[in-house]
Amino acid sequence: MQHNIEKLIKGCLKGDQKAQMHLYDTYCIAMFKIACRYLQVEEDAKDAMQEGFIKAFANIANYKNDFSFGAWLKRIIINQCIDVLKKKKIEFASIDSESLQMIDDDDWTVDLSISKIQIISEIEQLDEKYKMVLKLYLLEGYDHEEISQILKIPIKTSRTHLRRGRLQLKELLKSSHYEAGY
Amino acid sequence: MSMNAQRKQIYSKVFDVNVQTKAIFNLDDSAVIIEPSDDDKVHLDYAIVFDRFSMMEIDSLISKMKIEATLQNNQISLKTNNVLKSHEYFTYNGTGSFYVDNLFKSKKGNKKDSIFHKLKDSIQREIREKYKEKPLDSLGSWFKVKEENGAIKSLKELGGVKVVKGQFVIKIPSFVKLTINAKTAYITFAGEIKNELSVSLKRGKLSAQQLINEYNQINIDDAGFEVEVIKNGEYTLNNISKGLIGSIYNAQITSEFSKIEIGEIAKGVSITDFNSEYWFYNWTPNFNRFNMYSEYSKINLFYPDSKKYSLSTFGFNTKHHFKNVIGEIGPNKKGGKSKMMIVGDEKTAKNKIKMDIIHGVIRFGKDVISIPRS
Amino acid sequence: MKQDIKEVLNGFEETNKELPAAHRTEFLEKLQGAEKPMSKPENFYYFIKIAATIVLFVSVGYLALNSFNKSDPIIVETPIEKQLKDIEMQYLKHIDAEWQNFVALATDENLIKRFEQKLNDLDAGYQEITVKFKQDKNNILIIESLVENLQTRLRLLKDIQEHIHLLNQKSEQHENITI
Chain A
1 MQHNIEKLIK GCLKGDQKAQ MHLYDTYCIA MFKIACRYLQ VEEDAKDAMQ EGFIKAFANI
61 ANYKNDFSFG AWLKRIIINQ CIDVLKKKKI EFASIDSESL QMIDDDDWTV DLSISKIQII
121 SEIEQLDEKY KMVLKLYLLE GYDHEEISQI LKIPIKTSRT HLRRGRLQLK ELLKSSHYEA
181 GY
Chain B
1 MSMNAQRKQI YSKVFDVNVQ TKAIFNLDDS AVIIEPSDDD KVHLDYAIVF DRFSMMEIDS
61 LISKMKIEAT LQNNQISLKT NNVLKSHEYF TYNGTGSFYV DNLFKSKKGN KKDSIFHKLK
121 DSIQREIREK YKEKPLDSLG SWFKVKEENG AIKSLKELGG VKVVKGQFVI KIPSFVKLTI
181 NAKTAYITFA GEIKNELSVS LKRGKLSAQQ LINEYNQINI DDAGFEVEVI KNGEYTLNNI
241 SKGLIGSIYN AQITSEFSKI EIGEIAKGVS ITDFNSEYWF YNWTPNFNRF NMYSEYSKIN
301 LFYPDSKKYS LSTFGFNTKH HFKNVIGEIG PNKKGGKSKM MIVGDEKTAK NKIKMDIIHG
361 VIRFGKDVIS IPRS
Chain C
1 MKQDIKEVLN GFEETNKELP AAHRTEFLEK LQGAEKPMSK PENFYYFIKI AATIVLFVSV
61 GYLALNSFNK SDPIIVETPI EKQLKDIEMQ YLKHIDAEWQ NFVALATDEN LIKRFEQKLN
121 DLDAGYQEIT VKFKQDKNNI LIIESLVENL QTRLRLLKDI QEHIHLLNQK SEQHENITI
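Chains as they are written, first to last, in this note's numbering: chain A, 1 to 182; chain B, 1 to 374; chain C, 1 to 179.
Think of the hints as simulated: they come from the structure by calculation, not from any bench.
Warning: the hint list may mix true and false statements.
Label-pair restraints from in silico Cβ distances [what the hints assert, rightly or not]: (1) 116/B to 121/C: 32 to 38 Å; (2) 42/A to 127/C: 49 to 55 Å; (3) 71/A to 134/C: 45 to 51 Å; (4) 135/C to 41/A: 33 to 39 Å; (5) 19/B to 120/C: 42 to 48 Å; (6) 153/B to 86/C: 15 to 21 Å; (7) 336/B to 134/C: 50 to 56 Å; (8) 4/C to 13/A: 40 to 46 Å; (9) 123/C to 254/B: 19 to 25 Å; (10) 285/B to 121/C: 38 to 44 Å; (11) 11/C to 112/A: 57 to 63 Å; (12) 42/A to 135/C: 40 to 46 Å; (13) 92/C to 121/B: 39 to 45 Å; (14) 153/B to 88/C: 31 to 37 Å.
Quick caveat: nothing in here was measured; it's all calculated off a predicted structure.
The beta carbon of each residue, even a glycine, is placed where N, CA and C say it ideally should be.
Based on the provided sequences and hints, a complete structural model is requested.
Here it is in structure tokens:
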């Protein structure tokens, strides 16, 4: 598969439409699912995904082999989704960087009785600012440096949003009676 | 606080300093405790204890606080914002309305008709008691909720008040010159503070055990002021609603619109005042000289114990109350000041009290000062 | 018993997302549209279109930034605020009344001036505290300072009038008093 992808990329560099469509076919569903994580309306997600591909092909010369094509493509598509969100006035506003923080707990544990579906649905209920960081961290596996680049926020803000999102998520899970006791 | 109260360390920093080091603290809406350091370092530590707050709320609260401390060019700069000693958050979701009690009730019933003598120690104890005040205790008793059925409940009874307590302790070596600019700040100096202080405080409170340095410049405006021992320095006290000084030695006070009780006056004290009320309870055996210059002031003066003193007042249009006698001296022929009252022999007395008072009221007594009902 | 959210979500994939049937054709069209070599007039229009989008985006972004900088785009008065406004009004009424009484009673110009200065200072302080209150409406300490400020002003005016009354009381006039 890898060899194939390399061939296809070479084809894209030459502007070969067939190669481009092949790449699209390979990755479109996965990328669509990723876009759906950030854009609720499937139509928007589809458009963002497709725009992302167009941009990727236009910039294919910049693709370097240091990470997988899929990861590179994913990044472009997520950026596209963020642009859409920004147009919808979703602010990833930064926090005053001088503010204090409690010594970090980094506790992601919740009761076993909570299902995956419940976690996913409660994530959707989080504040926009936290939701974004949480998803990038939990679902895409980005670290704070990457998140700060994607959202164009300071790393400290990314950490704070993640922590707050984590705390809010835990509270939402608790209060929806899925967890027994305090 | 319940058993579920949690404690979190928020901030901790240490600075190495030397005899040339200066410190400037800018404190806004903050409470700090400043005490002498055991080593030659400045320690800054802030921890909070909270109950019935969720982590989210604490986090949100902490995000509003600022603590910045740096050491540059041998100067420590500390800036704090919203670092309160206690935070009381009130959420009320009922249908009652807020009710402010006793707002304009005249307090005629409470009017004192005697002022009792106090010992220096009791004033100092009073000051110490107030360090320990719990947040809810000092809540204005006027702040209540009137529920729909007409019942009036205090905030404590409603139970909708959550408390977060914090303590920001600063340990500082005594050779560091300290400047404090503070607004709505609660500053407590614990222990014997020998540092050279330059303090400017507006709103809040200054509490201290001992302030000693001869170069101290302390300016307090519209804030509480309670110090067990003042030695040396210059103090400007404006609009202090209940000032307490345990004992004072070799210091100058310039004041206005304040009410200040002084447990003991020692050598070298002078006061310049406008429209304040003072209580002078005790005098040291060798206080030597006490000078006061005032306008529109009320002075409650308990006679010194020793016989070797003289007391003279100079001015005009001042009521003198002693026992049941009220005497008054009008302006002299030129409309100016003249000698009003003399107790003892000025020429031979070892200790002299000299008061320059115009438009004032001065009351004297031994163990009790009685205030004639108007 | 506990589980770690990170592990739960590791490798998570949405299962029920499907692209519409015509998506491929649609994409092909977009692809072809994007790659068509532009003749000059088309280039020009394309540039205008892009510029328009950028301007729109920038102004939209700017608006968004502005509204999020304000803490409360919609001002809703809380019950506490209403009550405090009421209290403030009552106090200010009383303070004004006492001020009038004081000015009428006092004969010393200097005294009046000093009081005026003092009350202005306290008023300035009150405004400062009000700003803090707007940022933190549930903070009891701030509410207390507001009311204390008003009480102080009233008390000062009442006290000085009482003082003047005391001074005006008839009593024994002396040349001097010796004890």
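Okay, the hints, checked on the actual structure:
{"no.": "1", "hint": "116/B to 121/C: 32 to 38 Å", "verdict": "34 Å, holds"}
{"no.": "2", "hint": "42/A to 127/C: 49 to 55 Å", "verdict": "53 Å, holds"}
{"no.": "3", "hint": "71/A to 134/C: 45 to 51 Å", "verdict": "47 Å, holds"}
{"no.": "4", "hint": "135/C to 41/A: 33 to 39 Å", "verdict": "36 Å, holds"}
{"no.": "5", "hint": "19/B to 120/C: 42 to 48 Å", "verdict": "43 Å, holds"}
{"no.": "6", "hint": "153/B to 86/C: 15 to 21 Å", "verdict": "19 Å, holds"}
{"no.": "7", "hint": "336/B to 134/C: 50 to 56 Å", "verdict": "51 Å, holds"}
{"no.": "8", "hint": "4/C to 13/A: 40 to 46 Å", "verdict": "42 Å, holds"}
{"no.": "9", "hint": "123/C to 254/B: 19 to 25 Å", "verdict": "23 Å, holds"}
{"no.": "10", "hint": "285/B to 121/C: 38 to 44 Å", "verdict": "41 Å, holds"}
{"no.": "11", "hint": "11/C to 112/A: 57 to 63 Å", "verdict": "19 Å, violated"}
{"no.": "12", "hint": "42/A to 135/C: 40 to 46 Å", "verdict": "41 Å, holds"}
{"no.": "13", "hint": "92/C to 121/B: 39 to 45 Å", "verdict": "43 Å, holds"}
{"no.": "14", "hint": "153/B to 88/C: 31 to 37 Å", "verdict": "23 Å, violated"}
Violated hints for the displayed structure, listed by number in ascending order: 11, 14.
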